[in-house]
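> Sequential numbering from 1 applies to the sequence shown in the numbering used here.
It is worth saying that the hints were derived from the structure and are not from the lab. Note that this is a predicted model, so its numbers are computed, not measured. Keep in mind that a hint or two might mislead.
List time: in silico DSBU-like cross-link candidates among lysine-lysine, alpha-carbon distance up to 35 Å [to be verified]:
| hint | residue 1 | residue 2 |
| --- | --- | --- |
| 1 | 90 | 164 |
| 2 | 164 | 95 |
| 3 | 165 | 90 |
Simulated restraints, written as ranges between beta carbons of each label pair [as the list claims (entries may be wrong)]:
| hint | residue 1 | residue 2 | range |
| --- | --- | --- | --- |
| 4 | 202 | 182 | 18 to 26 Å |
| 5 | 151 | 218 | 25 to 33 Å |
| 6 | 165 | 60 | 41 to 49 Å |
| 7 | 221 | 67 | 35 to 43 Å |
Yeah, the Cβ is synthetic: ideal placement off N, Cα and C, and Gly gets one too.
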Amino acid sequence: MKYRLKETFDQIKAEEELKNRTKIFISEKIQNDTSSKAGTAGRSIRRLAPVFVCMAILLIGSYWLYFTPAWQISIDINPSIEISMNRLNKVISVKSYNEDGAELADLLDVKYKNYAEAICQILENDDIAALLSNDEILMIGVIGNDETQSSKILADIESLAEGKKNTYCYCVHSDEVSEAHKMGLSYGKYKAFLDLRALDPDITADDMRDMTMREIQDLIDELSGNQDNAAEKTGDTDSNTHHHTGKKHRNSHKGGE
1 MKYRLKETFD QIKAEEELKN RTKIFISEKI QNDTSSKAGT AGRSIRRLAP
51 VFVCMAILLI GSYWLYFTPA WQISIDINPS IEISMNRLNK VISVKSYNED
101 GAELADLLDV KYKNYAEAIC QILENDDIAA LLSNDEILMI GVIGNDETQS
151 SKILADIESL AEGKKNTYCY CVHSDEVSEA HKMGLSYGKY KAFLDLRALD
201 PDITADDMRD MTMREIQDLI DELSGNQDNA AEKTGDTDSN THHHTGKKHR
251 NSHKGGE
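Could you put the whole structure together from the sequences, leaning on the hints where they help?
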């Protein structure tokens, strides 16, 4: 009897020790597996790190390339707006320079589209068409640093504007535009402002911001005529004094009559 009880207790003790050893074994196994997996994952991450870096650089570079302006197109008739486009010739922004320009910008659906489509939308806009029918003047300027590409864009725009009455196209280097923007003018309006201020030094950017290009040109013609007349009268009274006054020639290409 005593032998059986001892044997029973010994068996129970053995089972408990087996259980404890089993628990320890399983615990160690889990820890080893976890460490092994963590080590494998760590090694995988370290191997993939250069790939992640390259992908990040590629994404950032692509974003920078797409949203960095490469050229602008100044549209002036009143409205006055400027379209910025990237190196892929896609429109990335439209900026207005007066109240009429803001209204036109709101109507246009050109963002992320090719600049040619933007120009077509503007030329086909009912308000722009009505203004041209009323003998207003439309100036379209290509602004950029790359003369070759700017000339190509200009040729495309001239082709699109062919046959449009009183529509003129021109090219200008980007360096000439910063002063226009400081004054809150599109380059087309700024260009006309310089012509006008040469004839009337008292004229300000605010005076002409909301004038149409036709009104500005008519004022230039009027002031030029007055100066021509004054020069002729002075020449008549003093034959020894020579005066030369004339209209400033536009550095532009006529799109059509």
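> The structure should be examined with respect to each hint, and the outcome stated for every one.
Hint check results:
1. 90 - 164: holds (24 Å)
2. 164 - 95: Roughly 24 Å separates the two Cα atoms, so the pair holds.
3. 165 - 90: Holds: residue 165 and residue 90 sit about 27 Å apart, inside 35 Å.
4. 202 - 182: 18 to 26 Å: Since the Cβ atoms of residue 202 and residue 182 sit about 20 Å apart, the hinted range of 18 to 26 Å holds.
5. 151 - 218: 25 to 33 Å: The hint (25 to 33 Å, Cβ to Cβ) holds, given that residue 151 and residue 218 are roughly 31 Å apart.
6. 165 - 60: 41 to 49 Å: Given about 47 Å between the Cβ atoms, the range holds.
7. 221 - 67: 35 to 43 Å: The hinted range 35 to 43 Å holds for residue 221 and residue 67, with Cβ atoms some 42 Å apart.
Violated hints are absent here; each numbered hint is respected by the structure.
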